[in-house]
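Can you build the whole structure from these sequences, using the hints too?
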Amino acid sequence: MRRFGLSQRVIFGTIVISLLTIWLMGITLERFSGLLSAAAHLRVADDVISMGSQVQDDLLDLLQTQETFDQYISEQTWRHYFEFSRRISTLLDRVRDLRPFRKQTHELNDLDSARIEMSGVLMNATYTINPSFTVGAISADTLRRLRTSRSRLHQQIRALLLQEREYRKVLETGVKQQIDSMKTTMISIVSLLLISGICSAIYLHKAAIAPLNCLMLAMRSTDENCAMPVIQPSGAPEMRELIESFNQMGLSLSRNQKRLSSLLSLAVAVAHEVRNPIAAIGTAIQALEAGYPKEGPDKDIFKEILKEVFRLNNITTDLLVFAKPKPLIPEIFKVSELVEEVRVLMKSVLAMRKIELELFFDEGSNEISADRNQFHRILLNLLTNSVDAIGESGKILIKLEPASLKGILVSIEDSGPGIPEEKREKIFQPFFSTKTKGAGLGLAIVYDMVEQHGGHICVLPGKVLPGARFEIELPREPKAD
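For reference, each letter of the sequence shown is one residue, going 29 to 509 in my numbering.
Rather than coming from a laboratory, the hints here were simulated on the basis of the structure.
Mixed in with the good hints there might be a few duds.
Unchecked claim - Cross-link-like lysine to aspartate or glutamate pairs, in silico, EDC-like; alpha carbons within 20 Å at most: (1) Lys454 / Asp416; (2) Lys491 / Glu359; (3) Lys362 / Glu386; (4) Lys354 / Glu429; (5) Lys454 / Glu420; (6) Lys491 / Glu384; (7) Lys375 / Glu420; (8) Lys491 / Glu429.
These numbers were taken from a predicted model, which means no experiment stands behind them.
In structure tokens form, the structure reads like this:
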């Protein structure tokens, strides 16, 4: 069975259980059919016994008139015998339907012949009776023949009833056995299904659920360095292959994570080492610019150098922020006030590039509890990203509205060229950038800060403006660690 997969084993087991169930159900139906047949025969036997009881009553009545019958025949006696003959005929019709009497055709025919003989003798005797049919004498020979026929008929009926009672006892025993057999079969079917269900559950647990639980525990036990424990392959072949693939993936991720950690540590160390010299260079350039003549021919070079120095400083700052995120320090503030601070900070850049900024606030969703410095950086990075996307002459729309009873929605929409759909999923990845300048960490930092607050950020096509639309959904209070 090792070469068969989990699905093949489940299908095979289902087929086997189904065949066993069908087989047992067939046996049950066969026994149920036998039970119905036995019950039908039992009803016929009850009818025969009931009719036999009536015949016995007739015999008793006839025996009570036996003394009179031996001397003469009256109208009442005549009628009793003819009614007796009719009931015997009906009794014979019923008896012929019973299984044990089907092979006793000769005995039944003899009984019927005796009935017909007595009826014939009795019928012939009536012709010698007075037409008024009150009392009529019959010959001694006729009385003898009637007594002989009557005695023979009485003996055959008694034998028939005794045999019928024995047959009914056999039928009752057979019905009880059929019922007990059906109970046993039904218990066997239920037990088989129960045992099959338990065995299937145990097998599925060992073959699939237990290995999957090991995988989930391994994923949850992953440490901060993304080191995944190695799991011993077990279970069905599919599960073993899955665990082996998971182990390979864990080893690959661990190697890549070590390389990234080494590179990030190196980058952070370089940023620390470079940051102070960059600050010193910026200070020196500002001092040189202050001492350089205002009408000097190379005055603009100082501005370009300072611009590049500031860009390098921003890159190192972004790298340090991304590599070592700070814990949240939540405080209650109004979002509109923070947006106004960012607008004032970007006022000169917006005016120089002829970009119009519109603000729309919902007063019911203005107040929030969050890390003010991080939220300031989120808005500044997104606004800077929109300005860079627009370039010259455009429009930016910032809107604040309630997202739910416990959250707010901040949207920043611009009139830039937008972001292609194939790049929207990568836009928040570290070091991914659609611009020629920068390290590609601005939106990655925004994404991490929003996630740290327990919020969500996404980029969509603009609703009002033709460019990109960034939507930030934040809870009114940051999530607890």
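Discussion item. Does Glu429 sit within 20 Å of Lys491, going by the straight-line distance between their CA atoms?
Written reply: 15 Å, holds
Practice prompt. Would you check the hint for Lys354 and Glu429, treating anything up to 20 Å between C-alpha atoms as holding?
Written response: Not OK: Lys354 and Glu429 at ~28 Å, beyond 20 Å, violated.
Worksheet entry | Satisfaction of hint between Glu359 and Lys491, Cα-Cα up to 20 Å | Answer violated: Lys491 to Glu359 is near 32 Å, above 20 Å.
Worksheet entry | Agreement of Lys362 and Glu386 with the hint, judged by alpha carbon distance not exceeding 20 Å | Measuring from Cα to Cα gives roughly 18 Å; hence the hint holds.
Item to complete: Given the hint that Lys375 pairs with Glu420, test it: the Cα-Cα distance must not exceed 20 Å.
Response: 14 Å, holds
Worksheet item: When you check the alpha-carbon spacing of Lys491 and Glu384, does it fall within 20 Å?
Response: At roughly 17 Å apart (the allowed maximum being 20 Å), Glu384 and Lys491 satisfy the hint.
Fill in: Hinted pair Lys454 and Glu420, Cα distance within 20 Å
26 Å, violated
Discussion item. Tell me if the straight-line CA distance from Lys454 to Asp416 falls inside 20 Å.
Written reply: Given pair Lys454, Asp416 holds - Cα atoms ~18 Å apart, limit 20 Å.
Hints 2, 4 and 5, counting from the list given before, are not met by this structure.
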